[in-house]
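Given the coordinates of chain A, assemble chain B onto it according to the supplied hints.
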Amino acid sequence: MSIRGPRKGENYELSVDLNSEYRDKRKDAIKRVIASMTVGKDVSGLFPDVLKNMQTEDLEQKKLVYLYLMNYAKTQPELVILAVNTFVKDADDSNPLVRALAIRTMGCLRAEKIIDYLCDPLQKSLRDENPYVRKTAALCVAKLYDLKPDLVIENGFLTQLHEMIADSNPMVVANTVAALTDIHNSATSNPATQADASAIFNITGSILNKLLIALNECSEWGRVAVLNALARYVAQDEKESEHICERVVPQFQHINGSVVLAAVKVIMIHMRHVTREDLIKQLVKKMAPPLVTLLSSPPEVQWVALRNINLLLQKRSDILSNEMRVFFCKYNDPLYVKVEKLDIMVRLASDNNVDALLSELKEYASEVDVDFVRKSIKAIGQTAIKIESGAERCVNVLLELIATRVSYVVQEAVVVMKDIFRRYPSTYEGVIPTLCANLDELEEPEAKASLIWIIGEYANKINNADSLLGFFVDSFTEESYSVQLQTLTAVVKLFLKKPDTSQGLVQRILDTATKECDSPDVRDRAYIYWRLLSTDPGAAKAVVWADKPPISIPRTTVAPALLEELLGEIPTLASVYHKPAETFIGKGRVGVDSVQRKAGADDDRLAAHKALQTVAAGRQAENLLDFDDDDISTTNGQPSGLAATEVLSQTPAAANLLSGTSSNPLDDLVSIFGTNGTGGGGGGFGAASGLAPSATNNNHAPDPLAGLGGLSISGGGSLMSPDQTSPQQPKSATSPQQQQEDLLGLF
Amino acid sequence: MVASLIAILDLKGKPLIQRAYRDDVHPSVIEKFLPLVLDIEEEGQQVTPCFSSQGINFMHIRHSNLYLLAISKRNTNAAEVIIFLHRLVSVLIEYFKELEEESIRDNFVIIYELMDEMMDFGYPQTTESKILQEYITQESHKLEIQARPPMAVTNAVSWRTEGIKYRKNEVFLDVIESVNMLVNANGNVVRSEILGAVKMKCYLSGMPELRLGLNDKVMFESTGRTSRGKSIEMEDVKFHQCVRLSRFENDRTISFIPPDGEFELMSYRLSTAVKPLIWVEAAVESHKGSRVEYMVKVKAQFKRRSTANNVEIYVPVPDDADSPKFRASTGSVQYAPDRSAFVWKLKQLGGSREFLMRAHFGLPSVKSEADVEKRPPITVKFEIPYFTVSGIQVRYLKIVEKSGYQALPWVRYITQNGDDYSLRTASEKGSAPIVSM
Chain A
1 MSIRGPRKGE NYELSVDLNS EYRDKRKDAI KRVIASMTVG KDVSGLFPDV
51 LKNMQTEDLE QKKLVYLYLM NYAKTQPELV ILAVNTFVKD ADDSNPLVRA
101 LAIRTMGCLR AEKIIDYLCD PLQKSLRDEN PYVRKTAALC VAKLYDLKPD
151 LVIENGFLTQ LHEMIADSNP MVVANTVAAL TDIHNSATSN PATQADASAI
201 FNITGSILNK LLIALNECSE WGRVAVLNAL ARYVAQDEKE SEHICERVVP
251 QFQHINGSVV LAAVKVIMIH MRHVTREDLI KQLVKKMAPP LVTLLSSPPE
301 VQWVALRNIN LLLQKRSDIL SNEMRVFFCK YNDPLYVKVE KLDIMVRLAS
351 DNNVDALLSE LKEYASEVDV DFVRKSIKAI GQTAIKIESG AERCVNVLLE
401 LIATRVSYVV QEAVVVMKDI FRRYPSTYEG VIPTLCANLD ELEEPEAKAS
451 LIWIIGEYAN KINNADSLLG FFVDSFTEES YSVQLQTLTA VVKLFLKKPD
501 TSQGLVQRIL DTATKECDSP DVRDRAYIYW RLLSTDPGAA KAVVWADKPP
551 ISIPRTTVAP ALLEELLGEI PTLASVYHKP AETFIGKGRV GVDSVQRKAG
601 ADDDRLAAHK ALQTVAAGRQ AENLLDFDDD DISTTNGQPS GLAATEVLSQ
651 TPAAANLLSG TSSNPLDDLV SIFGTNGTGG GGGGFGAASG LAPSATNNNH
701 APDPLAGLGG LSISGGGSLM SPDQTSPQQP KSATSPQQQQ EDLLGLF
Chain B
1001 MVASLIAILD LKGKPLIQRA YRDDVHPSVI EKFLPLVLDI EEEGQQVTPC
1051 FSSQGINFMH IRHSNLYLLA ISKRNTNAAE VIIFLHRLVS VLIEYFKELE
1101 EESIRDNFVI IYELMDEMMD FGYPQTTESK ILQEYITQES HKLEIQARPP
1151 MAVTNAVSWR TEGIKYRKNE VFLDVIESVN MLVNANGNVV RSEILGAVKM
1201 KCYLSGMPEL RLGLNDKVMF ESTGRTSRGK SIEMEDVKFH QCVRLSRFEN
1251 DRTISFIPPD GEFELMSYRL STAVKPLIWV EAAVESHKGS RVEYMVKVKA
1301 QFKRRSTANN VEIYVPVPDD ADSPKFRAST GSVQYAPDRS AFVWKLKQLG
1351 GSREFLMRAH FGLPSVKSEA DVEKRPPITV KFEIPYFTVS GIQVRYLKIV
1401 EKSGYQALPW VRYITQNGDD YSLRTASEKG SAPIVSM
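In the order they appear, the protein sequences are chains A and B.
Residue 109 in the numbering used here sits at position 109 of the first sequence, and the numbers go up by one each step.
If you want the numbering used here, it's the position in the second sequence, counting the first as 1, plus 1000.
In isolation and in its complexed conformation, chain A is listed as follows:
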């Protein structure tokens, strides 16, 4: 009997029972120990007592003791060694279940002391006659690699795993592939240890054939592992790509959604090299039904599927072009599913289905959930912007909604109308009186700012524009900054159109804005206008009334290069979040070392090349930013200008920033400028801030203009939801290039 500790209390009683001479009593005590462990009590003190019960014929008891060991091995490293003998003996047991259990558990102990003893039994189990033991041993190699890579390499386990790809048992093959992939991933992602070449799992032609054979025979989860490996295979020629696609297509009929999605990924990747139009058409056609069927799964699975379908549609909008109705929301769908469905419905909107879509959206707009109602109204606006032929019907639906006079409905509708005015200038002016009639209903800054923008834009056509704006000028100092900025611009617009009637108003607002306003942005803008108006009204007109580029719903919400990368990750978290993995794993930020390490990785070259093209092609405005950040080149030794873009674009960090999800201080800067769009929208904006990572490190405060530049790129490059960019700052946010040039000219 143990002598440690006080001779009373629960643990003491347990310890007595664990050492009882009766088998049943001991087993019962072990169960109680595990029960305590489950509810979070510390029973590590009983380690030696529990350990004594390890040698038993009773499988259930053995499992319980093993479970206990797994939990507490780390806290009692000295004592674990006592268990080694039993483990080694069990690994030689006549029952395969016991052999596998011993190997599986030893791999989970993660105590340095015991590892060396693991190698011999593992060696044996890898060649065990029973497949159940072999499949367990295969994964155990990955466990061992995770703990001590050198040991795996020294013992030649990797070579053995490679041989096991040819195992006769599909389940063993699947686990072997999973283990090799796991090792491959940790070898290529861990910068501390130089990746051993043998740890790299390259899929060769002969492995490919074995995988294709195993694919049809192994269990559902095994298929996922095999399909993931197939996705990594680089096809030698087009014929091989076609062959892979043809062999993988039957997996679309699998009942397990993760098999279906993994198959979709393989097809999407290998289809890139297929040029035969008929085959591509056939593959795309076959992809649709299984994707639709995923929508009959439980809501969580649906959500994962919907996020991935969203990505797929960005690449190939033809996949589900006839299937919009299946995305109609069910009354009892959870909100997170409904929101995703809305987005996809708008994506699938076309001339043919716009009527059905609108009547459905109108239905949603009368539901009770405020958030969903708002998003539905937003979707109506997006439909109007996307489908020109349906715009008028959209506007009519919006007017009906405004007539309900439900406050949040009206406000959202006003915001949406502003975007429709942007898209179809001077088309729906008849609506303006209805909008203005609801002036009192507006409470939210965004709605107010939108209406003010509309009034300013159509100042010459609205007779009482000055009194309407005067209403806002009166309450100027109480409004939020976005409304202030908007009022300022609108009044100046009005003044430029009707100088005689609004002289007093413009004087008043410039005065208030420069003297009483505590936002530097509002003040600055007021000063700029003032100076413009007083020195050269012509220039003022050119700036304030500059032509705005038309807005459109972008086909993609992520940069093309990132889209390709994410499609290759289906259905992982990256493709669900629509963000590259580097942004949400590890510490949440991208470390310098990971950037440099990844820069040379071959896998990224393709993506990097594409990213570079995107960056170089469309976004020359970024170069303007570089001048603000000259010290990049001096501090980092990196070339500046476009060359700097190149270096960064090869790294995932650039991709990360491309997606607009950075934690760069520039975000804050931009938000000062009034956009609320750092999240979903800004592919382009991210690219801009991606150029200044070292500025971040150096505490170098970027020039405000850099922020403005970033902002304007956001306006031009990505307009996912229209309200994100335009309302508060139609001048600077929605007419990016001109505005920037104008401002630069000024200085």
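Treat the hints as calculated values from the structure; they're not laboratory data.
All of these numbers come straight from a predicted model, not from anything done at the bench.
Idealized CB from N, CA, C, for every residue including glycine.
Any given hint could turn out to be false.
Which chain A residues face chain B? A few, computed with CB under 7 Å, are given here [said to hold, decoys possible]: (1) N95; (2) R110; (3) I114; (4) I115; (5) L139; (6) V224; (7) P250; (8) S258; (9) P290; (10) K330; (11) V576.
Simulated crosslink set (DSSO-like; lysine-lysine; CA at most 30 Å straight-line) [to be verified]: (12) B:K1345 to B:K1165; (13) B:K1012 to A:K362; (14) A:K113 to A:K210; (15) B:K1012 to A:K330; (16) A:K375 to A:K210; (17) A:K330 to B:K1288; (18) B:K1097 to A:K285; (19) B:K1299 to A:K330; (20) A:K281 to B:K1217; (21) A:K375 to B:K1374; (22) B:K1374 to B:K1345; (23) A:K74 to B:K1299.
Relative to chain A, chain B alone:
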């Protein structure tokens, strides 16, 4: 690249049971889960099934009053994890009938065993509960007979053990079609789909080879057969893992070695437009602050020779309705305040028949301004035996076993409501009756 840790939590976020598969995340992060969920809700955001915080990814599903949570630090296969969690739920339900706090506490030993067997190092392994039940059982093992891993765990035929024997070899086939339908307030069908399933009960000896023939249009066309009867075009077919997918892809043959006992052989989907089999109309006359009256009409829009059984019509009423009064020409009506609805139940509804019922509720005279009117749809439940909407038919089921026994297949057909058979009601304005009958 799958899960590092799996836990089952109660609604307060307290872990009831947990199992770590990799040690790259500390178990204490489980306790961060619920606070994070609450934070997200507080910010007015949606709590999605997967979210990440400080480099840790939380993937979860809800089952009654439980959260099933998987945690990972890597770019995990989200679909695989979420589906695995659902599979874990169904395995535990098959073991304990119900999955709730109580059954977890009572069975923690066996749940640990299952978690150990179903996932290894974060990779899902065996999730077939029938196979698991062969070597992980609720009765403790006798010392003499130690369980061994069933061949099936690793076999190419991982769903059937050898040496099964029946005196009478029989197969029962159930073809079940569930109709999902959404009808607009103006009576138009917005969306309809048929989800079909072929369920089998197999009592066959040995390792039989089965071949199932359906009136599948694609197969008829490819074999050049001009069928006398109707053929149907299935849009998406999913098979139990026993069916040879590549064979189906080649010549549309459904061939397989079945698992023993009950299982779902295949499921399919058709999105051909379907006329509502059971049509319901409700005229609502609402007098704000005093009463609301309903007149509900049900019509069976299928052939006279079929009959719908156990028809239940759920008509939503305001949350604060009281003192219900019903009058129905047939069937029984009940008020279900917990669902804010009344239920009209008809044991049988013959084809082409039509019935009426009326309901009357009182409404409180005072109503808060902020109360927005919810308008849930009318939902309907029903079963129509000996009938399939799609017209699918089993043409043959061939059973070949090397011992050469004769086995009889029995086939049944049934059509029922899906999980979303709903008819929208018109929005009300003031006290005017909106729906004209």
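Cross-check of the supplied hints:
no. : hint               : verdict
1   : N95                : 5 Å, holds
2   : R110               : 6 Å, holds
3   : I114               : 14 Å, violated
4   : I115               : 14 Å, violated
5   : L139               : 5 Å, holds
6   : V224               : 6 Å, holds
7   : P250               : 4 Å, holds
8   : S258               : 4 Å, holds
9   : P290               : 6 Å, holds
10  : K330               : 5 Å, holds
11  : V576               : 5 Å, holds
12  : B:K1345 to B:K1165 : 44 Å, violated
13  : B:K1012 to A:K362  : 38 Å, violated
14  : A:K113 to A:K210   : 38 Å, violated
15  : B:K1012 to A:K330  : 29 Å, holds
16  : A:K375 to A:K210   : 49 Å, violated
17  : A:K330 to B:K1288  : 28 Å, holds
18  : B:K1097 to A:K285  : 41 Å, violated
19  : B:K1299 to A:K330  : 23 Å, holds
20  : A:K281 to B:K1217  : 21 Å, holds
21  : A:K375 to B:K1374  : 18 Å, holds
22  : B:K1374 to B:K1345 : 24 Å, holds
23  : A:K74 to B:K1299   : 69 Å, violated
Comparing the model with each numbered hint stated earlier shows that hints 3, 4, 12, 13, 14, 16, 18, 23 do not hold.
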